[in-house]
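Engineer: Chains as they are written, first to last, in the numbering used here: chain A, 90 to 650; chain B, 107 to 362; chain C, 108 to 421.
If you are wondering where the hints come from, they were derived from the structure by calculation, not from laboratory data. Do not take every clue at face value.
[As the list claims (entries may be wrong)] Here are the simulated DSS-like pairs of lysine-lysine, each with C-alpha atoms no more than 25 angstroms apart in a straight line:
1) B/293 to A/291
2) B/359 to C/359
3) B/108 to C/284
4) B/359 to C/229
5) C/123 to B/341
6) B/260 to C/284
7) B/359 to C/284
8) B/359 to C/417
[To be verified] Short derived list, chain C residues pointing at chain A, Cβ under 10 angstroms:
9) 277
10) 345
11) 352
12) 392
Here a beta-carbon is modelled for each residue, glycine too, at the ideal position from N, C-alpha and C.
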Amino acid sequence: MIRASDFPPPFAASEFVGEPTDPADERIEVGVLVVGGGPAGLACAIRLGQLLAEHPDVAERMGDVPVALLEKGKQPGSHLLSGAVVNPRALRKLGYRIEDLPSYGPVHDEAVYVLTRRNALRIPPPPTMRNHGNVVFSLSRLGRRLAEDAEEGGVTILPETVGEKLLVQHGRVVGVRTGDKGRGREGEPLGNYEPGADIVAKVTVLAEGTQGHLTGVALDHFGLRGDEPQVWELGVKEVWKVPRPLGRVVHTMGWPLRTAARYREFGGSFVYPMGDDMLTIGMVVGLDYRDVELSAHDLLQELKTHPKIRKLLAGGERVAWGAKTIPSGGWHSLPTRLHAPGLLLCGDGVGLVNIARLKGVHYAIESGRLAAESAFASLQRGATPATALGAYDDAIRSGFIGRDLYEVRDMRQVFGRGFFVGGALASAMTVSKGRLAIGKMRAEPDAEQPLLRSAGRADRYPAPDGTLTFDKLSSVFLSGNKTRDDQPNHIRVERRVPREVADLWINMCPAQVYELGTEGGDGTVTVQLAPSNCVQCGAITAKGGRLTPPEGGSGPEYTST
Amino acid sequence: MKIAVCVKHVPEGPGRIDPGSKRLDRTGEGALNHFDANAVEEALRLKGDGEGEVVVVSLGPEKAADSLRKALAMGADRAVLVSDEAAAGSDLVATSKVLAGALARENADLVLFGQQASDADGAVLWAAVAERLRRPVVSQAAELTVSGDTVRVKRQTEYGYDVIEASLPAVVAVSDAINEPRYPSLKGIMGAKKKPFETLTVSDTGVAADEAGEAGSKTEVRALGAPPSRGESKKIEGDANAAQAIVDFLAEKRLV
Amino acid sequence: MSILVFLEHHDGEIQKGSLGVLAKAASLGDAHAVIVGGGVGALAAEAGKYGAVKVHVADDASLDPPLPQPRVDVLAKLAGDYDAVFFANSVLAADVAAGLAARLDAGLNWDLVDVTGDFTGKRPALQDSVLVDVGWKSTPRLALFRAGSFDAAPTGGGEPETTQAAVELEEHSRAAKIVDQQLEEASGPSIEDADVIVAGGRGLGAPENFTLAEELARALGGAVGATRAVVDAGWYPYSAQIGQTGKTVSPKLYVALGISGAIQHKVGMQSSNVIVAINKDPNAPIFEFSDLGVVGDVHEVVPKLTELVKQRKS
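Let the sequences and hints guide you as you build the complete structure.
Structural biologist: Given below as structure tokens:
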């Protein structure tokens with residue numbers, strides 16, 4: 090039995106933890122440091138801005154830069170990708186009226202289909218998939234708007250800046266060291282080399298999103314991982330201009346994913362309207378799949394050839410593409426604590442996602458808001474930081490985030506039993522509001538799934554025709570990715586592996602980062618990398634490697650995903 | 107020494123032409139034209155740790171402020187943005203007039219441009235601006251030094267290079283071979299917000315509204331058409347005759 | 108209709124590109140030429156042979172250095188009499204055209220590949236994926252054409268009418284001088300300036316096989332380019348990389364050896380005049396945008412091709 094986890098990447102969390110090294114007077118001092126300009130980080134920043142405006146006495150003690158936010162993309166929004174049908178409650182709690190935000194309108198109608206190769210059977214939406222009251226957004230666009238609001242609220246946003254190292258002193262997180270810029274392929278400093286800097290803060294909030302780099306480091310360093318491992322889905326999506334409005338939210342299950350339990354292909358697709366002239370279509374598949382020939386990108390291309398889907402896209406034009414992982418372990422995979430001395434953890438980075446409903450954005454926003462409240466409380470005179478930060482955990486678990494995740498806590502695991510059994514169990518769970526306990530089913534890490542091969546499956550994906558279906562490289566181009574090539578490689582993987590593992594990665598990666606190198610003669614092959622293709626989806630970390638952040642500003646430049 | 111650098115905020119990503127205006131769609135994300143980053147870098151190098159001032163000037167929509175702030179983050183001292191509806195749709199004649207007006211206010215010793223705009227809209231701006239300022243202009247600068255009131259430029263041409271000396275005040279357009287633009291440091295990014303930033307209207311630059319924008323332009327875009335066809339595309343087998351076939355093809359096109 | 112054409116010259120010869128533009132002007136109406144420099148009187152006759160019916164000559168030692176602003180001064184006095192002034196793009200011509208546009212407040216359209224009889228200019232945009240029709244709202248209409256847009260057409264014409272153009276330089280036109288010149292006969296042109304580029308991709312098979320590209324480039328007098336894939340693999344230096352994250356080139360001839368033509372590469376070379384591709388894979392995307400595609404083995408085709416080119420040139 091070959092497993093990707095038998096070939097672990099050269100990575101140790103300790104590499105990314107340390108004390109500040111810049112001379113004390115050169116360190117950049119801020120009040121609260123937020124790492125990540127996604128919905129969680131921006132909500133945190135916005136809420137902090139609001140609180141500091143209401144309490145100038147606290148603001149005064151925060152120095153010149155009360156709140157700083159690091160974003161590794163070109164700007165907030167560049168690395169944001171989601172469906173997204175968003176539950177508006179968290180945005181309202183942040184003080185927004187939905188009408189004032191750049192949405193594509195409320196959900197009017199929805200449909201769920203089970204697909205076979207040629208047919209689509211409409212089924213009543215399972216209880217978990219009802220979206221009445223929810224609103225369609227482009228997360229990338231929303232992020233850009235929230236960032237503007239955060240800046241107006243006094244937050245300093247530092248784009249193209251990576252949080253590379255967690256600064257820890259005496260067991261306490263005191264800030265983050267940013268990544269270097271201007272290094273060459275072998276790590277050598279180039280002409281415009283700019284070293285990173287130590288940013289020290291009273292409280293550090295990690296809101297890095299799925300597979301967050303420092304979040305993973307912190308979970309290891311502080312021993313916060315629970316008994317259940319986190320597991321992920323990989324989502325690949327496109328945005329299309331279409332001549333006819335879609336008019337409703339559509340979810341599909343079944344084809345092209347296979348239902349037999351041995352394949353473990355859990356997932357489905359979504360098609361969401363974006364106004365009258367655009368829609369977004371995406372394929373989501375659990376990374377606990379076993380077939381080395383599975384390619385989520387190509388499954389999306391295959392999905393589009395279904396007669397029902399093809400009709401939706403006829404006469405249209407693809408205008409965006411992207412990919413990202415989604416943590417799906419839910420309640421059981423949460424860390425034991427969401428805080429550590431000087432540190433708070435939010436959003437997708439710690440798995441606050443309800444995979445049954447495909448919802449995570451509003452949890453991210455709410456967790457960011459709660460993190461702001463806790464951080465602010467810890468900065469009050471006379472506050473005990475440990476207590477204040479600990480209160481964040483309670484707020485998450487006892488609030489609607491915890492309640493929702495608890496209700497669907499066994500949902501993901503049951504689908505390991507196959508679609509039909511799993512579907513029935515999932516519905517039963519929801520209807521009983523989580524009281525029907527299945528008994529905790531151990532989830533295995535995605536990388537520990539034994540690998541198999543459906544010979545020829547990869548050959549049967551549709552050949553790209555440039556109109557309906559597309560190859561990976563032109564998709565990477567469409568994501569706006571123009572990462573500098575002569576950078577150090579940011580992807581950690583074992584470079585000599587069995588053929589199965591190499592094929593697993595080659596097919597898995599939506600951006601064609603991995604390629605077959607030379608044969609070793611003993612059944613092993615070397616793996617070649619094209620790291621500048623990487624859109625930082627995070628799939629490799631789930632399946633046996635480790636993604637670390639490349640130079641700030643690298644990666645995709647999403648605008649409508 | 108006072109150095110003014112003209113920068114442009116250009117659309118990012120694969121460009122789109124707006125079918126209505128038939129001009130480049132500038133509503134999406136934009137960034138500092140990367141050739142202008144070379145010009146900003148050169149200005150910063152010339153200033154060094156000295157007493158001089160580097161001011162960045164741009165004509166564009168409000169969003170162009172982002173690019174100006176990036177230049178400030180790199181180390182420029184001050185920014186001036188001419189942002190005015192009246193200037194929308196300006197061609198070379200109109201743009202050079204407005205920019206020259208803004209630059210005349212600055213009265214810099216040296217005005218720098220990048221060698222072209224990645225959106226190909228401003229590829230020859232510096233010579234027009236220099237003419238209006240009545241200053242000597244040197245383009246394609248691969249090396250630049252200033253001593254006293256003379257600027258010495260190594261200018262790349264199709265034939266090699268010329269070394270040109272011009273008396274200040276002068277206008278120089280730098281090539282991207284001249285330097286490697288620095289990354290803004292974090293302190294630089296944070297400090298950029300506090301640096302002086304002036305927003306001007308067209309009339310602030312001394313130009314009348316009908317001399318700017320479409321009204322002041324002497325060229326226009328009339329229509330969009332199909333891409334220039336490459337013509338017939340031939341495909342042949344790589345057999346024993348292929349090499350000769352290629353040579354014949356090249357000969358026909360007068361390439362050998 | 109009369110059109111003034113700025114003829115650029117180097118080393119005693121009129122630039123081919125300028126002659127091409129002259130031919131275009133002659134096809135539209137009366138083509139007059141202007142030649143500025145030192146000791147250039149003899150070139151007037153050349154201009155006549157290529158379509159000019161009248162030539163303005165500004166001949167003075169002070170005009171010998173190829174600086175733009177004195178040329179603006181000369182043209183400014185003449186341009187008002189014409190419907191249009193045409194330029195063939197070059198480092199010098201671009202500066203002259205733009206300076207003249209500002210001097211006269213005359214519209215300038217650049218990067219044109221053609222112009223119609225009723226003065227609609229054709230300009231490629233968005234990396235040559237669109238063709239835009241542009242126009243002028245006043246006269247004289249200044250037009251800067253992309254290098255190599257037109258072929259020179261000797262007309263067998265006789266002596267043109269020649270006049271001495273007035274030379275009165277503005278103060279700022281006298282403020283720059285050339286103190287040194289270096290003409291480069293380097294070891295082959297740089298990628299940016301090369302008229303011919305031979306580029307290699309993964310299909311070459313191994314780094315040693317880049318010699319195929321190098322020999323062919325040498326025979327054709329061109330530069331060598333590389334795709335990102337082979338640069339990533341360490342086969343060739345980054346300075347030779349052509350594509351989205353490398354250099355963008357538009358030579359007269361681009362020969363692609365073992366290159367698949369992924370879009371990241373395509374955007375760096377798609378506006379080359381003529382593209383010849385050799386690749387084993389008949390479905391390689393490069394064949395969709397090459398002028399001549401050869402489905403074959405580079406190891407078999409290229410050495411023979413290099414030989415034949417060398418023979419032709421000798």
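Engineer: So which of the earlier hints does this model not fit?
Structural biologist: Violated hints (numbers, rising): 5, 7, 9; every other hint is consistent with the structure.
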